[in-house]
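Visitor: Residue strings, one per chain:
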Amino acid sequence: MVELILCGRGGQGVVFLTRVLGQIAAAKGLNVISSETHGMAVRGGSINSHLRIGRFYSPLVRRGHADFLLSLDHGETANNRHFLRIDGLIVENSAQEDEPGIRRIDATRIARDIGRIQLENVVLAGFASRINGFPVSGEELRAFLAADPRPAVREMNLKALEAGLSWE
Amino acid sequence: MGNEAIARGVIEAGCGVAAAYPGTPSSEVLESLVRWKKELGHPIYVEWSINEKVAFEIAYGASLAGNRAMAAMKMVGLNVASDPFLSAAYLGVRGGLVVVVADDPGPHSSQTEQDSRFFGWFAKVPVLDPGTPQEALAMALRAFELSEKYELPVLLRPCLRVCHARQNIRLGNPAPLKDVGRFARNWTRWAAIPKYRLVLHGQLNEKLQTIIQEEPESRPRLVLGDGRAELAVITSGSVSSHVRDIAAADDRLSGLDVYKIDLPYPADAAALQEVVDTHERTLVIEETYPVLELQLKDRRTVLGRLSGHVPPQGELVPEIVEDLLRSAADIPALERTPVEVKPRRPSLCPGCPHRPAFFMIRKTFENAVYTGDIGCYTLGINMGAVDTCLCMGASVGMAGGLAKAPRPGDEHRVVATIGDSTFYHAGVPALINAVHTRASFVLVIMDNGTTAMTGGQPTPASPSLADGSPGTAVDMERLVRGCGVDHVQVVDPYDHAALKETLESARKHTFDEGKGVSVVITRRPCVRMPGVEISLQRFRITEQCDLCMSCVRDLECPAIHYVKGEKRMEIDQDLCAGCGFCVQVCPSQAVEPKGA
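From first to last, the protein sequence lines stand for chains A and B. Position 2, counted from 1, in the first sequence is what my numbering calls 2; the numbers after and before it change by one each time, with no gaps. With positions in the second sequence counted from 1, the corresponding number in my numbering is that position plus 1000.
Warning: the hint list may mix true and false statements.
[To be verified] Residues of chain A clear of chain B, computed beta-carbon distances all greater than 12 Å:
hint	residue
1	25
2	57
3	62
4	73
5	76
6	89
7	99
8	103
9	116
10	132
11	142
12	168
[What the hints assert, rightly or not] Here are some chain A residues the structure puts well away from chain B; computed CB gaps all over 12 Å:
hint	residue
13	9
14	10
15	30
[Unchecked claim] Beta-carbon label-pair distances, calculated as ranges:
hint	chain 1	residue 1	chain 2	residue 2	range
16	A	23	B	1437	30 to 40 Å
17	B	1540	A	87	44 to 54 Å
18	A	113	B	1593	43 to 53 Å
19	A	28	B	1574	33 to 43 Å
20	B	1222	A	87	58 to 68 Å
21	A	143	B	1301	35 to 45 Å
22	B	1082	A	113	53 to 63 Å
23	A	27	B	1548	32 to 42 Å
24	A	87	B	1122	48 to 58 Å
25	A	168	B	1574	35 to 45 Å
26	A	131	B	1463	47 to 57 Å
27	B	1179	A	143	30 to 40 Å
28	A	30	B	1222	25 to 35 Å
Derived from the structure by calculation, the hints contain no laboratory data. Backbone N, C-alpha and C define an ideal beta-carbon position, used for all residues, glycine too.
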């Protein structure tokens, strides 16, 4: 059983990322239930999604129960930190250095270098997949994104994924 | 997603006609039906109706014709559809008729926290209340069966946490269209006058009694425990899933009996009472009104909303459910990580055509009352250009009332703003009323060609229908003129000079010359719609900037922010959509195009 919170600003692809992770886990035969934010908050506001892998009925993670907090925006991390377990890990898109309990990658800069700022989410996912205990592996992400029927989208996503996977 | 699961159930039930008006958290039901229709080649007819009342009537008409039919909406949409909904309960249906009404406890994206189960009770319509997407699919199928069996509309009430939950679920097979045979005239039923309505009301009451006796869903089902605990929990719907997870995960709560009820109205009150009578205490956890609790006759040992134990407003999130369970089981309260939430407020997108419109409205009509409406453009609040937001279409109706009730010495200038979809939905009758009564206000219709807030569903002005098939575009200018408005102007809100001139001309017509209501249509497609090209032009802020903050305060552009420590403004090049409106409105002319 793994519980995750994903957060960011509207437009950063939090919902997309949640679906990708959820679909990969579900394809492995795991029970997955998640909850998304839609509506007004999506217009640049704070958004988060909950993703629970295991035997659950409810799609919501309780405070103090998330194993991972994936944050696409440094400012949103604090808004969602209370969901994290005491020994949980934050994986954050930020230019700052790692701290105990926080792993960071400058996904914004990497995505901009690739040429599409919207790829931040895929970069972050690639980076997170290297972490011990993360429910989805880099290989699984690669296989999933490679199955996109749109050649241009596929190529960009894979590029972003590799950048996240190989980031030092 | 829960809404996709419901749509799948509709397809598997062999439903022939589906109509909806978009509204969070219900919009994906019809969108998914469009997808299933295309992917499976299913013959179902789907439409985005002009409003929820019409959507219900479309579905009702199809049911009378013998088809299975569905209408989908959010809970406040049911308020709009309430007139035909209540009447249809009396008349009954032919083909199965399911009304999907999505509730939004919280509320996250709505005006109220109303409980549609309570609405079902009020209308005497059976209500199914799913706890998970998988259950929502099964209940959609079941709703059609019950509807046809009892010749009654059936309400399927998913909450947000079911609608927007995603879960891996088992699918069944799509069914060919079901048909109960052609419509036959019978005016004592389908056009019943009051005398026959009395008879029909009696029949409706009998049907509800039969449902309680015959349908197992009306009785509480033990989902956790052995039935011999001291403490029982009665629950229904999406909150029941929190209850089940929390009770199952905590050893100290393992001695709990959890009862779930799938049909909270009409519930078998005797069976509910038996749960209460066979336990020392019973906690009732339901959203958002005490529907099950009120159906209990003896509540002396019941902990719920009526006893003050359960919060009377707000979403019952898992933490609250956990606190309620622990308190009822006499387990000490938990200490939790403190919450430090400073949520970012939503704002209009960079490049949104509503932004220059609001900016110029504020500039042109100072000291006005700005009545607003429901949609993305409610966010005009951030720019000080929206003072009211009541319900769909109320900007126009309320503008009429504000204009008729001036205070002495007040200029009582009123400017209403409404989006195109909302105008079609409920603004049109109010505009006719304003023309007829010579109400004096300016109406700005912000026409971005779509229902943007809910994800871009087509409006009646679109030449194509929900599934892409051709429709007839209803021309907005002709419609406005047809309402009796003489002064109608269309302008591109990106055109600074023309926008100013157009709004000034409306001001002159309505306020200076007193010629009655005038309408300005600000027309430019939503920047989020597919095919809308975002300008690649970018801008920089020069040294002429005197930090007046007008761009942040008045224009409220999310791409512009103050850089602390450096005492300067910066444009976020990733967020900027290149509209260039900042160049035109900066008081110090401190914004210039890059490469200029």
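Visitor: Indicate, hint by hint, whether the structure satisfies it.
Guide: Status of each hint after checking the structure:
1. The beta carbon of residue 25 (chain A) sits about 9 Å from the closest Cβ of chain B, which is not more than 12 Å, so the claim that it is off the interface is violated.
2. A cut-off of 12 Å between C-beta atoms contradicts the statement that residue 57 (chain A) is not in contact with chain B; the least separation is 4 Å.
3. For residue 62 (chain A), the requirement that its beta carbon stay farther than 12 Å from each beta carbon of chain B is not met, with the minimum near 5 Å.
4. Residue-level check failed: residue 73 (chain A) sits 9 Å from the nearest beta carbon of chain B, not beyond 12 Å.
5. Chain B draws residue 76 (chain A) into its interface by the beta-carbon criterion, the shortest separation being 7 Å against a cut-off of 12 Å.
6. The Cβ of residue 89 (chain A) lies farther than 12 Å from every Cβ of chain B, with a closest approach of about 15 Å, so its non-interface assignment holds.
7. The Cβ of residue 99 (chain A) sits about 17 Å from the closest Cβ of chain B, beyond the 12 Å cut-off, so the non-interface label holds.
8. No Cβ of chain B approaches the Cβ of residue 103 (chain A) within 12 Å, the least distance being about 20 Å, so the stated non-interface status holds.
9. Some Cβ of chain B comes within 12 Å of the Cβ of residue 116 (chain A); the nearest lies about 10 Å off, and the non-interface call is violated.
10. Non-interface status of residue 132 (chain A) relative to chain B is upheld: no Cβ of that chain comes within 12 Å, the nearest being about 23 Å off.
11. No beta-carbon of chain B comes within 12 Å of the beta-carbon of residue 142 (chain A); the shortest separation is about 21 Å.
12. The Cβ of residue 168 (chain A) lies farther than 12 Å from every Cβ of chain B, with a closest approach of about 24 Å, so its non-interface assignment holds.
13. The Cβ of residue 9 (chain A) sits about 6 Å from the closest Cβ of chain B, inside the 12 Å cut-off, so the non-interface label is violated.
14. With a least beta-carbon separation of about 7 Å from chain B, residue 10 (chain A) fails to lie farther than 12 Å from that chain, contradicting its non-interface assignment.
15. Residue-level check failed: residue 30 (chain A) sits 8 Å from the nearest beta carbon of chain B, not beyond 12 Å.
16. At about 56 Å, the CB distance of residue 23 (chain A) to residue 1437 (chain B) disagrees with the hint of 30 to 40 Å.
17. A hinted range of 44 to 54 Å for the beta carbons of residue 1540 (chain B) and residue 87 (chain A) is consistent with their spacing of about 46 Å.
18. Our hint of 43 to 53 Å for residue 113 (chain A) and residue 1593 (chain B) is violated, since their Cβ atoms are close to 24 Å apart.
19. Checked against the hint of 33 to 43 Å, the pair residue 28 (chain A) and residue 1574 (chain B) passes, with Cβ atoms roughly 34 Å apart.
20. Look at residue 1222 (chain B) against residue 87 (chain A): about 36 Å separates their beta carbons, and that is not inside 58 to 68 Å.
21. About 56 Å separates the C-beta atoms of residue 143 (chain A) and residue 1301 (chain B), a value inconsistent with the hinted range of 35 to 45 Å.
22. Between residue 1082 (chain B) and residue 113 (chain A) the C-beta distance comes to about 55 Å, which sits within the given range of 53 to 63 Å.
23. Separation of residue 27 (chain A) from residue 1548 (chain B) is about 54 Å and departs from the stated range, judged on CB atoms against 32 to 42 Å.
24. Range check, residue 87 (chain A) to residue 1122 (chain B): about 49 Å between beta-carbon atoms, so the 48 to 58 Å window is met.
25. Between residue 168 (chain A) and residue 1574 (chain B) the beta carbon distance is about 24 Å. The supplied range of 35 to 45 Å is therefore violated.
26. Taking the beta carbon of each, residue 131 (chain A) and residue 1463 (chain B) are about 50 Å apart, inside 47 to 57 Å as hinted.
27. For residue 1179 (chain B) and residue 143 (chain A), the hinted distance range of 30 to 40 Å is not satisfied, since their beta carbons lie about 45 Å from each other.
28. Under the hint 25 to 35 Å, the C-beta atoms of residue 30 (chain A) and residue 1222 (chain B), about 28 Å apart, fit the expected range.
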